[in-house]
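Asker: Each chain is listed here by its residues.
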Amino acid sequence: MADKPKRLQRNRWSIHLFPIPALAIYLLFIIYPICAAFSYSLYDWKGIKKLEFIGFQNFKNLFTLEPFNTMFWNALEHNVIYFVVQMVVQNGIAFLLAYLVFQKIKGSGFLKVAYFLPRLLSVIVVGFLWKLILNPTYGTINVLLDKLGLDSWTMPWLGDPSTALISIILVNSWFGVGLSLLIFLAGLQSIPTEVVEASRLDGVRGFRMIRTIILPLMIQPIIMVTVLTFIQSFEAFELIYAMQGSMGEPYYSTDTMAVFFYRTAFGGSSSDSVAIGLGSALAVVMFAIIAIISAAFLALTRKVNQE
Amino acid sequence: MKRVYSLGTVVLLSTSLVVSGCGSNNKANESSPSNSATPSASSSASNGSGEKVKLTMGSWRTDDKAVYEKVFAEFNKQYPNIEIDFSPTKSTEYNTVLNTALQTGEGPDIIHLRPYAAGIGLGDSGFIEPINGLPGLEVFPADVMAASTGKDGNVYGVPMALNTVGIMYNKKIFKDNNLEVPKTWDELLKVSQSLKDNKIIPFGFGAKDGWILSMTQGAIGPAGYGGNEFVDKLLKGEKKFTDEEYVQSLQLMKDLVPYFPDKFTGIGYEDMRTFFATEQAAMYVLGDFDVGVIQTMNPALELGVFPIPSKVAGASPTVSTYVDGSYAVNAASKHKEEAKKFLEFATSKEFGNLFANEMKRVSPIPGVTATDPVIAQFAELANTASTPYLMVTNFNSGNPTTKVTLENSMQALYLNNMDAKKVAEELQKNVDTWFKP
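Chains A and B, in that order, are what the protein sequence lines are. According to the working numbering, the first sequence is numbered sequentially starting from 95. According to the working numbering, the second sequence is numbered sequentially starting from 47.
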């Protein structure tokens, strides 16, 4: 009798051995690179050659040295815009569509698949496709505007700094709306039907139903989508690279932190302007921003859960 | 414990970027011995005179495999014991792959070395074997050799291609509209205006890709500052980018705006070339290296080329040239002597002829004749009317480089965010951070 709790205790501890294989992979491919990036950021580099230890000089340069400081704030601002527009457009539309599909209107199963379809394409394909659609001379959008007699509205969408960033964000929203929709839909489906029916009996309808009953019960998927959108916005790279290259063209108007990082750390194809130290410092700063804000979001979720 | 795991989740979620960035940075360092390095040492280690030796050649010219096979076949007629294997890497990845390989003491025996600062930097860091006094080098003029000569005078490579940028034009469109090749800048504007009046796009041009901007300015610019005299003074520090000659060279680029396609700020390289190749545009400012593609796209196009007429009174028309790269020997190679034999071969006229005709590009070797008339015309202009493409030959350093600064400021110029004077100021500000005359 006496040794049974002991065995249980031993078993309880052995459970913690199971994460080890996964943990090892994470340590090797995530924790180690982060530490390495941090150590790189403390050194002076000449091209790909590591020179002496210079402490936090790279970080200081990032925030004080022209043109890097201007580029940094400019890029950060674009990341914030990216996040805000994605939240409003992509997730706003995703929520409305999810609600629509949830109503079990005719063909809702088909719609669910249709909205998710763009997500199945590779980002490079999406970028290429939209580059064609947004082409100033033969792109569908300008041709369509022209045919409708709205030729004064035609624009070099990706070549004008006032429209380039927003065009890319909207393409990203088109691409990402399906995933947010699925998360919202799952949230909607987990709302107990009794609650909805009871309030319907009480005369709650339409928008009031969404605002007073649905939204409060959806707080968890909403936070989850927010966190995912936040991380994705602050790492925005592939689509911009596919559509505009690594210079954040035109005139840094589509630059984001990740594009700035890529350009700084690895340089262009035929220039010698690689600054691995500075790039690593930038990577560390990005990591800090994303980690701190994501942790805050998750703490919020936990608080909501406990209530 | 639960708390620890969820903290871990935060870290994991928020690191996917850092992973993609620094992960590749690290991974490249770790894995290069097994992965990115080409097996330079895999063949017999030591070799007597008659023994077969296998060399590898690294390159960013992935399209040139077939041509190099012909080149190697010709080379083997003289040196049957030296076998060369051409193993190119995608252009945008090449620098990274090569750099990591060199750092670990590996890499191909023969290297396609990037021209000017980037390649010379590798040489000055000791990764490239100096080839001072290699037989055959004496045929190249000094400005061509500058592309692979280090600060201390060491020569690191045999120049392989002399890129030449001029104005290509559609002969048929010119003939149909009774237009002559312009001899002065004002004539060029007149030609452009009458093309425009006849509903033909004068210049196939777009400002979306930065490198197109610096390359076009590199060709058009000398028309504003008058060519080599200004360049000499600029390099000696007697002139600055903010001087009126250079500001004028930027202004000329702005003056051409009415002759660019509609919405040109959103047009990229492929699109502008399509305008020219499909005969919608009459002129196209680019280098000889694009001739092959244009001819493939539209074999019926009657292609001609002329140098850029100058705005400066009395200055002669120019084309801008720069060395595209050079053949170099890896300092860590086990077969340096054999590799040098190939470099020697690369200075010969027979190699130059092969290169010019198979690749349809301008060879820097004097006396080489190209069979393609357009390439031959480019080559002649390169010999008689050349001025350096400054942003590549001398101002591709700094962080960001002066070239990149020009590209971005010119985008601002075309978007009306800056005027020519402001662009010049931005350039000078950048140059002041690193350039010593």
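Hints may contain errors.
Claimed, not checked - Below 30 angstroms or equal to it, Euclidean Cα-Cα: the simulated BS3-like pairs (lysine-lysine) are:
| no. | chain 1 | residue 1 | chain 2 | residue 2 |
| --- | --- | --- | --- | --- |
| 1 | A | Lys-143 | B | Lys-136 |
| 2 | A | Lys-140 | B | Lys-382 |
| 3 | A | Lys-140 | B | Lys-217 |
| 4 | B | Lys-468 | B | Lys-482 |
| 5 | B | Lys-482 | B | Lys-395 |
| 6 | B | Lys-300 | B | Lys-245 |
| 7 | A | Lys-140 | B | Lys-98 |
| 8 | A | Lys-143 | B | Lys-482 |
| 9 | B | Lys-123 | B | Lys-98 |
| 10 | B | Lys-279 | A | Lys-241 |
| 11 | B | Lys-245 | A | Lys-143 |
| 12 | A | Lys-154 | A | Lys-140 |
| 13 | B | Lys-100 | B | Lys-111 |
| 14 | A | Lys-144 | B | Lys-197 |
| 15 | A | Lys-143 | B | Lys-300 |
| 16 | A | Lys-225 | B | Lys-242 |
Hints listed in this document are in silico derivations from the structure and should not be mistaken for laboratory results.
Asker: All the hints need checking, so say for each whether the structure fits it.
Answerer: Outcome of the hint check:
1. Straight-line distance between C-alpha atoms of Lys-143 of chain A and Lys-136 of chain B comes to about 23 angstroms, which keeps the hinted pair within the 30 angstroms bound.
2. For the suggested pair Lys-140 of chain A and Lys-382 of chain B, the alpha carbons sit about 27 angstroms apart, so the restraint of at most 30 angstroms is met.
3. Note on Lys-140 of chain A and Lys-217 of chain B: the hinted pairing is violated, with a Cα-Cα distance of about 49 angstroms set against a maximum of 30 angstroms.
4. Taking the CA atoms of Lys-468 of chain B and Lys-482 of chain B, the gap is near 22 angstroms; set against the 30 angstroms cutoff, the hint holds.
5. With a CA separation close to 37 angstroms, the supplied pair Lys-482 of chain B and Lys-395 of chain B exceeds the 30 angstroms bound.
6. Between Lys-300 of chain B and Lys-245 of chain B the CA atoms are separated by roughly 21 angstroms; this keeps the pair inside 30 angstroms, and the hint holds.
7. Distance hint between Lys-140 of chain A and Lys-98 of chain B is unfulfilled; the C-alpha atoms sit about 39 angstroms from each other, more than 30 angstroms.
8. A threshold of 30 angstroms between alpha carbons decides the hint, and for Lys-143 of chain A with Lys-482 of chain B the separation of about 23 angstroms falls inside it, so the pair holds.
9. With a CA separation close to 14 angstroms, the supplied pair Lys-123 of chain B and Lys-98 of chain B stays within the 30 angstroms bound.
10. Taken as a hint, the Lys-279 of chain B and Lys-241 of chain A pair is broken in the structure, with Cα atoms around 54 angstroms apart against an allowance of 30 angstroms.
11. Of the pairs offered as hints, the one joining Lys-245 of chain B and Lys-143 of chain A is violated, with about 55 angstroms between alpha carbons and a cut-off of 30 angstroms exceeded.
12. At most 30 angstroms may separate the alpha-carbon atoms for a hinted pair to count; Lys-154 of chain A and Lys-140 of chain A meet this at roughly 18 angstroms.
13. Of the pairs offered as hints, the one joining Lys-100 of chain B and Lys-111 of chain B holds, with about 17 angstroms between alpha carbons and a cut-off of 30 angstroms not exceeded.
14. Straight-line distance between C-alpha atoms of Lys-144 of chain A and Lys-197 of chain B comes to about 21 angstroms, which keeps the hinted pair within the 30 angstroms bound.
15. For the suggested pair Lys-143 of chain A and Lys-300 of chain B, the alpha carbons sit about 41 angstroms apart, so the restraint of at most 30 angstroms is broken.
16. Between Lys-225 of chain A and Lys-242 of chain B the alpha-carbon distance is near 28 angstroms, which keeps this suggested pair within the 30 angstroms criterion.
Of the numbered hints listed earlier, those contradicted by the structure are 3, 5, 7, 10, 11, 15.
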